[in-house]
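Engineer: For reference, the chains in residue letters:
Protein chains: 2
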Amino acid sequence: MKILDSKPAEDGFYMPAEYSPHYGCILIWPHRRDSWQNGAYAARKAFARLIEIISRSEKVIVCARYEDYDSAREALPDSVRVIEMSSDDSWARDVAPTFITNGKDIRGIDWGFNAWGGLYDGLYFPWDKDNKMARKLCDCLDKDVYDMRRFILEGGSIHSDGEGTILTTEECLLGKGRNPELSREDIERILCDTLGAKKILWLRRGLYHDETNGHIDNICAFTSPGEVVLSWTDDTSDPQYEISEECLRILENSTDAKGRKLKVHKLPLPEPVFITEEECSGLDNMDGEPTRTPGERLAASYANFYISNKHVIVPGFGDKNDEKAVCMLSSLFPDRIVLGLPGARDILIGGGNIHCITQQIPEFR
Amino acid sequence: MKILDSKPAEDGFYMPAEYSPHYGCILIWPHRRDSWQNGAYAARKAFARLIEIISRSEKVIVCARYEDYDSAREALPDSVRVIEMSSDDSWARDVAPTFITNGKDIRGIDWGFNAWGGLYDGLYFPWDKDNKMARKLCDCLDKDVYDMRRFILEGGSIHSDGEGTILTTEECLLGKGRNPELSREDIERILCDTLGAKKILWLRRGLYHDETNGHIDNICAFTSPGEVVLSWTDDTSDPQYEISEECLRILENSTDAKGRKLKVHKLPLPEPVFITEEECSGLDNMDGEPTRTPGERLAASYANFYISNKHVIVPGFGDKNDEKAVCMLSSLFPDRIVLGLPGARDILIGGGNIHCITQQIPEFR
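Protein chains in written order, with the numbering used here: chain A, 281 to 645; chain B, 281 to 645.
So that you can see chain A by itself, here it is in the shape it has in the complex (with noise of 0.2 Å):
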């Protein structure tokens, strides 16, 4: 593994879009008692339901800590790779490598992890184990890795369409808790010359009560070049719909990297979800603190869907909505099976869903 530090775009190397082909699909054994209720029993659960579907169509690498090891390989079909690797908890998709591709081969960014807003308004200390995983990720792929760990940046917080266009969020980026010393510009240069990106659009804030800081992916994503599905509540009195308007509005006025004009797809969201007194006496304290409150409002999102190369897999919640969403995307991914994953509350409770936990591999020859 070489560590880079050129700029990605001028050595030919940009993201790809998720429905881009792929190699296949990074994800970490859940472990953390106060991120997932009774010892991670329940989210295991749902991780290796989605696992499972995920390794019909692609290779599945699952990193799992020494003492989680053997749970994690009898859990898992023979077809996934479990491999050991210590780690804080198990957002892949914030702490794995963002990979690029110069159409033949593959290479990983390796950005700057401090657990969502570091000791600003971070949801974990201390978080270097995570902020390893990617290189060592590259390591284990045996591809080169770019050393942006001076950038804080979770993969969660940008989407890219493959053909110039990011997508991402002014609450995130331009949070205090990553690079305040960066401006807006400084920013997109930086996004533009390690994406391959050509252009950077900015929603203002993600979703209500989200706490990543607002990441792109619980409420906005690409589902081809040019088309996006939006979180979206018709309920005026929901805190939510302020936001989602407010992103309609941008979306609607921007135009991609391309010149075209953005067809925005109003994907519904569950009806709020809050998380029950039973759930909570499942966590164990952090610092001697409860890490959740009964009551307390999940950032809940159908947007939070994982492409795999056949499938697209979107988090179930026993809603009346889970059906809309699985058909409308359905209409939007005409080539690939919809499922909607049952038991995605288990993942939820920890702080995001389907999307936050995975992390793809592009293609590579």
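Read the hints as simulated data drawn from the structure, not as lab findings. All of these numbers come straight from a predicted model, not from anything done at the bench. Check the hints yourself; a few may be wrong.
Note: identical chains are not told apart, hence a pair may lie in one copy or across any two.
Dumping the calculated SDA-like pairs for lysine to any residue here, alpha-carbon to alpha-carbon at most 20 Å [stated by the list, open to error]: (1) Lys-339 / Lys-423; (2) Lys-456 / Gly-402; (3) Lys-423 / Tyr-303; (4) Lys-339 / Asp-385; (5) Lys-409 / Tyr-346; (6) Lys-409 / Glu-347; (7) Lys-479 / Lys-538; (8) Lys-282 / Ile-333.
Fit chain B to the supplied structure of chain A, relying on the hints for placement.
Structural biologist: Below, chain B without anything else, positioned relative to chain A:
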């Protein structure tokens, strides 16, 4: 990774010779403070030198514990892959899989490992991390594995000529610390079934004072089909003399699986090597007791070389016989560069040498 219960020989697999083409080589970054003096500082330097040479002609994978990962990554060339993996010590020959081939693909064998004798006369306890490595390495390499954990064997106790002959020692395989419930015939059958062999050649004993219970890889090695080197001394007062004499008689009166008489080359031993007081003082105690005593004889041997795709790397002890050994091996490996590794004494203090800390991965398509 599929876990297989069938017999490799029946599946068309066999153990190729070390001088067959390699995909690569596995090593483990040393860390154990009661095996390696001064926090493994000197050993790591010797490992790094060896790894650099091997990496010139094949892929190298180095397993490092989480806490040693950065030290390994810093010390080793970019082209070497460092993967996080827990271990009890650093003997890849004995804990990594034995790889077998069908001429196209490779599979691993996951033998049981009990630290060279278990609670009978093993060298440390516990050994569970080591025992889990073979399977993890197969998963990392995306190769299927045969479950042979019920049979205790270390890679260092067998040599294959790649043409149906396995060389081993009675001292090790018939000892009380491995598989005392199995007869010699049982063990022959298991070796033939698992390694795709037709004939097991038994020496009686391994090198004098070798704490592995006489591993073959410190006393004798194939240099080509039908030819071996045998560790040799002309000093009749050395207890090694009688052992080498006995081996010579057995080898000269043996034929291999193809019916060939073996040609035996006497590979000189270095002058006996004794551990110094200073070296001992750099080793931590184990369970309150020293692991070595000043003046203790170490099992130094030139036969503990590694054959990479382009080199034969031979322990260098700063002995007058270093050059003789390199010259003899140069004539026996005319297509390879034969090199003496300075600092092999720092590996020897751990209890083995170059062959013991490496495990080749045969070429696959």
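Engineer: Each hint: holds or not?
Structural biologist: Consistency of the hints with the structure:
no. : hint              : in the structure
1   : Lys-339 / Lys-423 : both (16 Å within a copy, 13 Å between copies)
2   : Lys-456 / Gly-402 : within (11 Å within a copy, 56 Å between copies)
3   : Lys-423 / Tyr-303 : both (13 Å within a copy, 17 Å between copies)
4   : Lys-339 / Asp-385 : both (17 Å within a copy, 18 Å between copies)
5   : Lys-409 / Tyr-346 : both (13 Å within a copy, 9 Å between copies)
6   : Lys-409 / Glu-347 : both (15 Å within a copy, 10 Å between copies)
7   : Lys-479 / Lys-538 : within (9 Å within a copy, 69 Å between copies)
8   : Lys-282 / Ile-333 : between (33 Å within a copy, 18 Å between copies)
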